[in-house]
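Enquirer: Sequence:
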Amino acid sequence: MIWIKLLFLLIFFEFIQAYTRHCAQCVAGNFLFRRNLMQDSSIGMAMGWVAEWKGTDCLKGTVNSIPCDHACLQITILKHPLEENAVEGIMMDCSDMMIHSSPDLPKEIDFKAYDDNAVFSAKRRSFTINYNFTMRGFESVEKIREDHASIILPYYREDYATSTVVILLILFVLTIVSGTVWVCHTLFFMKNDDHRRRYPVPGRKIEGETMELQGVHVNTTESDATSSAPSAPTNDSESHHDEENGNVLA
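Counting with mature numbering (1 follows the signal peptide of the UniProt record, and there is no 0), you get residues -18 to -1, 1 to 232 for the letters of the sequence shown.
Simulated from the structure, these hints should not be mistaken for lab results. All of these numbers come straight from a predicted model, not from anything done at the bench. Note that the Cβ used here is the ideal one computed from N, Cα and C, for glycine as well. One thing to keep in mind: the hints can contain errors.
Only pairs whose alpha carbons sit at most 20 Å apart, straight line, appear in this in silico EDC-like list of lysine to aspartate or glutamate [unchecked claim]:
(1) K105 x D51
(2) K94 x D78
(3) K105 x E66
(4) K105 x E128
(5) K105 x E65
(6) K42 x D97
(7) K42 x D92
(8) K61 x D78
(9) K89 x D22
(10) K125 x E65
(11) K61 x D22
(12) K42 x E121
(13) K42 x D129
(14) K89 x D78
(15) K94 x D39
(16) K94 x E128
With beta-carbon atoms standing in for the labels, derived distance ranges [what the hints assert, rightly or not]:
(17) I91 x L153: 49 to 59 Å
(18) S23 x S108: 25 to 35 Å
(19) Q21 x V163: 26 to 36 Å
(20) N114 x F15: 14 to 24 Å
(21) T162 x E34: 41 to 51 Å
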């Protein structure tokens, strides 16, 4: 009996989980850069800001799927002047405890626990902000891409003209500077080597070689002095001279 109860409980939990609503959690475009617009306390705008949004991209398929008790929410920001299919930013998340107060929405409705399909629109500053509440849960990444296939986001229009160009420019400047330093360093040492070969400095020879040349010079001088000086008479020549003198006297 215990195993049968556990089996029924397991089936019940799987049934509940299968029908639990899940919402997509992601951002796209410049939504994260419009935080001051969506959390402007000076006009009574109080909205949650989720750390998990960073690193996601709705249109690239980097999407989190989270359980949600109430309606799913999509906020779309359009910048004035309005351009065809141009969107400033998109946010998708669960509406549970997301929007506490907003001048863009009816004040008599509690949007922290909203269970209905509805779209609200408001204009603030130089933007139009659309709030889309839906009881339809997150289906798939492909469905999100299909629903937003025609829109143009600042990421695709401006990213290459700003961030990519800046990075390429920095790499180009670093390459030029490194090449210039290497060429100057090489030319400097080549010039010094060429100057030493053409104009050798006296006394800059190797010490051992200099001492050897000095030794050769001393030996040569001594041999010249010895050959030029008269040789001293030997004992044999003196004896021979004395004998000749004795013969003459006799």
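Enquirer: So, for every hint listed, does it hold in this structure?
Expert: Hints versus structure:
1. A C-alpha spacing of about 29 Å is found between K105 and D51, which places the hinted pair above 20 Å, so the restraint is violated.
2. With a C-alpha separation of about 5 Å, the suggested pairing of K94 with D78 holds against the 20 Å cut-off.
3. Annotation: proposed proximity of K105 to E66 holds, straight-line Cα distance about 17 Å (limit 20 Å).
4. With a CA separation close to 27 Å, the supplied pair K105 and E128 exceeds the 20 Å bound.
5. The straight-line distance between the Cα atoms of K105 and E65 is roughly 15 Å, inside the 20 Å bound, and the hint therefore holds.
6. A threshold of 20 Å between alpha carbons decides the hint, and for K42 with D97 the separation of about 29 Å lies outside it, so the pair is violated.
7. For the hint linking K42 to D92, the alpha-carbon distance of about 32 Å lies beyond 20 Å, and the restraint is violated.
8. Of the supplied pair hints, the one linking K61 and D78 is violated, its CA atoms being roughly 27 Å apart against a limit of 20 Å.
9. Distance hint between K89 and D22 is fulfilled; the C-alpha atoms sit about 16 Å from each other, no more than 20 Å.
10. Distance restraint check for K125 and E65: the Cα-Cα separation of roughly 24 Å exceeds the 20 Å cut-off, and the hinted pair is therefore not satisfied.
11. A distance of roughly 17 Å separates the Cα atoms of K61 and D22; the hinted pair therefore holds under the 20 Å criterion.
12. Distance check on the hinted pair: K42 and E121 sit about 16 Å apart at the alpha-carbon level, within 20 Å; holds.
13. With a CA separation close to 13 Å, the supplied pair K42 and D129 stays within the 20 Å bound.
14. Restraint check: the Cα-Cα separation between K89 and D78 comes to about 17 Å, which is no more than 20 Å; the hinted pair holds.
15. Taken as a hint, the K94 and D39 pair is broken in the structure, with Cα atoms around 24 Å apart against an allowance of 20 Å.
16. For the hint pairing K94 with E128, the CA-to-CA distance comes to about 28 Å; that exceeds 20 Å, so the pair is violated.
17. Range check, I91 to L153: about 52 Å between beta-carbon atoms, so the 49 to 59 Å window is met.
18. A C-beta distance of roughly 19 Å is found between S23 and S108, which places it outside the suggested range of 25 to 35 Å.
19. In this structure the supplied range 26 to 36 Å is violated for Q21 paired with V163, their Cβ-Cβ distance being about 48 Å.
20. For the pair N114 and F15, the supplied restraint of 14 to 24 Å holds, since their beta-carbon distance comes to about 21 Å.
21. Separated by about 46 Å at the C-beta atoms, T162 and E34 satisfy the suggested range of 41 to 51 Å.
The structure fails hints 1, 4, 6, 7, 8, 10, 15, 16, 18, 19 (numbered hints given earlier, in ascending order).
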